[in-house]
Amino acid sequence: MDKAGKVLVVDDFSTMRKVIRNLLKQLGYENIVEAEDGVAALEVLRSQKIDFVISDWNMPNMSGLELLKQVRADGSLSKTPFLMVTAETLKDNVVEAVKAGVDNYIVKPFTADVLSEKIGQIEKKRG
Amino acid sequence: MQRERIEALIDDLAAGFLMLDGDAIDIPAAGKLLNAMEELITEAEKRDMKPMAGAAGELKSLLEDIVLERIGPAEGTERFTRGVSDMQAMVRGDAVAEDVDEAANRDGVQMDVSEVSATSPTNEETVAEEDGTGIEDGEQDFEIQDESLMRDFITESLEYIGEIEINILNLEQNPDDKECINAVFRPFHSIKGVSSFLDLTEIRDIAHELETLLDRARNSEISVDSQIIDIVLEGADTLKVMIGSLNEVLEGERSRPLYPDLTELREKMAGVDSGEEDGYEKESVKKLGKILIDDGVISEDILEETLQKKSGEKRRIGETLIGEGKATPKHVLSALRKQSKQVMETSTVRVDVKKLDDFVDMIGELVITQTMIKQNLVRLDSADRKLMSDLAQLSSITSELQRTSTSLRMVPIRQTFQRMARLVRDLAKDAGKDVIVAMEGEETEIDRNMVEEIYNPLVHMVRNAVDHGLEKGEERTSKGKPERGTVKLSAYHKGGSIVIEISDDGRGLNVEGIFRKAVERGLVSETDDMGEQDIFKLIFMPGFSTAEKVTDVSGRGVGMDVVKQAVEKLRGKIEMRSAKGEGSTFAAFFPLTMAIIDGMMVRVGNEKYIIPATAIRRLIRPTREHYTNVAGKGEMLDVMGELLPLLRLYDIFSVEPLYRDPWDALVVVVDAGGRSKCILVDEVLEKGEVVIKSLGGNFGGLKGISGGAILGDGNVGLILDPEGLFELEETTAV
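So the protein sequences, as listed, match chains H and S. Read in order, the letters of the first sequence are residues 1 to 127 in our numbering. Read in order, the letters of the second sequence are residues 1 to 734 in our numbering.
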């Protein structure tokens with residue numbers, strides 16, 4: 001992804017958003033927006049052009065999985081690359097996200113390198 | 001769907017899988033494959049092709065393992081390819097059904113998958129390894145990597161832990177509700193996530209362990225009982241202490257965080273693991289051996305020795321000791337009894353609230369019946385001293401019983417306060433104010449049936465304190481006050497009431513402003529000479545505040561009349577004090593329980609009524625001079641210079657009274673709904689507590705009557721609802 005691309009970071013824990021934001025900055029991404037749950041994320045997605053979504057799984061109001069499903073079902077958003085953040089303990093749930101069409105998933109905690117690798121993989125598959 | 005469809009699906013699978021390349025799995029392609037596989041399984045099951053469904057199921061879990069990186073891509077691809085060609089063979093009829101299992105076995109699909117789950121590290125093992133490194137990390141020098149991130153983490157985590165404490169109340173009431181469990185689970189999960197990034201291994205581990213516990217509850221592996229709730233609360237407290245200590249490091253108060261001893265908490269969590277009910281009790285219950293030592297039956301050495309011998313045997317320690325002749329059965333039995341007594345003391349029982357209510361109700365009946373017996377005896381003029389003293393004894397037992405039964409329904413007000421604290425934070429954030437919440441007397445208990453009832457009036461008062469009571473930061477500093485305002489919640493018992501106080505250190509009530517506004521609204525006249533306290537009371541008057549946004553002039557007043565009415569509806573009252581520039585305090589007095597009412601019994605003709613004591617202002621015996629019949633306004637009585645409407649109970653309830661003229665009768669001055677009226681009665685009988693009985697479906701909605709009570713003489717008295725009564729009178733008078 002172009003480093004100028006706009007990344008949406010979704011997590012209900014603001015410190016976590018900051019952590020991911022910092023990692024993205026290390027990778028050279030500067031254009032970052034945040035949302036605190038799936039509902040807020042959808043609003044962002046529908047109001048501005050987002051090039052990449054990094055979303056937590058477990059959030060109030062609308063979970064990451066539900067957000068993913070909504071994104072995939074929305075004609076204009078359906079192609080948006082989507083990276084799901086999950087915890088080791090809840091990794092089994094990832095299968096649900098995979099079936100719902102997630103591009104990749106990443107297990108907390110992760111380093112900038114792993115994040116970069118996952119973003120790279122997604123880009124490669126999408127050509 | 002025909003056989004060809006299945007064939008095509010399998011061919012798609014084969015083709016699709018080729019897209020997975022060697023080193024990294026193509027997640028979106030795997031997702032499509034998984035969906036296709038599920039469709040295949042459904043189709044196969046529909047057509048009763050069990051071997052096919054089974055093979056597809058195996059293949060699906062293999063693919064899941066590949067996706068979850070439990071199997072390397074190379075190995076996975078190889079096994080998947082084999083599985084697919086087996087299925088292709090199956091569907092083309094090359095293999096008959098009986099051969100399928102054999103084929104699968106030969107190619108190792110089934111076998112391998114089960115091996116995978118046996119050999120690949122499970123989550124717990126992975127975590128256990130992390131635990132090992134975690135301890136080592138803890139011994140290294142503590143270093144804060146990103147201070148600003150750490151500060152955010154501390155603030156946000158503490159906020160989230162506060163949320164746990166609030167949500168746990170819901171969870172306790174709905175232990176099976178997955179969303180309630182999730183609401184408690186999520187904060188731990190989030191804290192774990194961030195702490196893992198910040199290398200806070202101890203915090204991460206304990207959050208992880210609590211999360212795991214709740215995850216098991218989510219998956220219904222364990223049920224949420226008081227034990228789990230206690231552990232979660234203790235865990236939340238522990239995390240709070242740990243994070244607090246982290247803050248001390250940030251503030252430079254110490255070089256590395258001081259964490260509490262986690263052994264006990266871990267043991268409790270491990271106790272849940274055993275899945276046995278008594279796993280938890282063991283923590284607090286003395287071991288049998290220890291009791292025997294305390295009783296002087298055996299020595300520690302003997303216990304140690306016996307325990308060593310016993311290891312490997314299945315016999316219990318008591319049996320072994322008896323068998324060895326080290327203790328007599330009598331001693332062991334007595335120790336066992338002591339032990340079980342401890343269990344009784346430490347255990348709790350969950351009881352359906354309905355049963356509890358019925359129980360409390362029946363005890364109310366018991367008290368009444370006993371009073372009836374007593375009165376009958378008095379009437380019979382019984383001189384039997386023995387009987388009277390027995391009855392006195394009975395009466396002290398029943399009142400103790402009544403006290404105990406009422407206490408069963410009592411819960412600490414803490415949860416309510418925490419909800420309020422949360423509300424204060426939210427409101428303060430919206431209003432752009434910095435507010436500290438202080439609490440006092442959170443352990444004060446209140447009838448759980450009241451918890452929901454008092455919520456709304458409290459919300460109103462808290463909202464007022466934050467929105468109108470407290471000034472903004474700059475205004476505060478300019479007045480020499482601390483920049484952060486304080487809202488204090490306190491609770492205590494006073495007389496038969498629980499008092500809940502909400503105070504702020506804000507600007508206080510604006511006496512002139514309130515008076516001016518009351519004049520504008522036509523509530524008082526410009527020339528009225530009113531004391532400060534009387535002016536404060538104006539804010540509780542209906543019509544004082546309107547729907548429009550309250551201005552800074554009034555300082556307060558968003559629907560204080562509504563608050564007052566809500567409090568009165570609960571048979572409570574509200575008081576307030578305020579000092580300009582120093583703040584205001586609102587104190588709401590609620591009865592301890594909704595089941596008993598303190599009232600005054602009055603008689604009209606042959607009927608007896610109970611007027612709630614909280615509504616009564618005074619009793620008067622008017623003279624002829626006090627009475628006026630104002631044209632258009634009806635009958636009025638002059639009560640200490642104030643003209644108040646006269647309300648004749650006998651007219652409303654159609655009974656034949658003894659007296660019709662006010663100067664013959666007695667008058668009870670009653671306040672309700674912001675107005676006062678004089679209720680005419682024949683006689684005031686007594687003042688005391690009565691147990692409220694619902695009138696039941698047919699009479700439940702009667703206006704002017706809130707319930708019934710069985711009186712000492714066995715007759716029924718109606719409990720009056722003054723506000724309803726006023727409305728009834730006003731509508732019928734027209």
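Any given hint could be a false lead.
Here are the simulated DSSO-like pairs of lysine-lysine, each with C-alpha atoms no more than 30 Å apart in a straight line [to be verified]:
id: 1; chain 1: H; residue 1: Lys-79; chain 2: S; residue 2: Lys-60
id: 2; chain 1: S; residue 1: Lys-46; chain 2: H; residue 2: Lys-118
id: 3; chain 1: H; residue 1: Lys-79; chain 2: H; residue 2: Lys-69
id: 4; chain 1: H; residue 1: Lys-99; chain 2: H; residue 2: Lys-6
id: 5; chain 1: H; residue 1: Lys-25; chain 2: S; residue 2: Lys-178
id: 6; chain 1: H; residue 1: Lys-99; chain 2: S; residue 2: Lys-178
id: 7; chain 1: S; residue 1: Lys-32; chain 2: H; residue 2: Lys-91
id: 8; chain 1: H; residue 1: Lys-118; chain 2: S; residue 2: Lys-60
id: 9; chain 1: H; residue 1: Lys-6; chain 2: S; residue 2: Lys-32
Derived by calculation from the structure, the hints in this document are not laboratory data.
Checked hints:
1. Lys-79(H) <-> Lys-60(S): holds, 26 Å
2. Lys-46(S) <-> Lys-118(H): It is violated: about 39 Å lies between the C-alpha atoms, which goes past 30 Å.
3. Lys-79(H) <-> Lys-69(H): holds, 12 Å
4. Lys-99(H) <-> Lys-6(H): With Cα atoms ~25 Å apart, Lys-99(H) and Lys-6(H) stay inside 30 Å; holds.
5. Lys-25(H) <-> Lys-178(S): Answer violated: Lys-25(H) to Lys-178(S) is near 37 Å, above 30 Å.
6. Lys-99(H) <-> Lys-178(S): holds, 23 Å
7. Lys-32(S) <-> Lys-91(H): Holds: Lys-32(S) and Lys-91(H) sit about 19 Å apart, inside 30 Å.
8. Lys-118(H) <-> Lys-60(S): holds, 24 Å
9. Lys-6(H) <-> Lys-32(S): Holds, because 27 Å separates the two Cα atoms, which is no more than 30 Å.
Hint compliance for this structure: hints 2, 5 are broken, all remaining hints hold.
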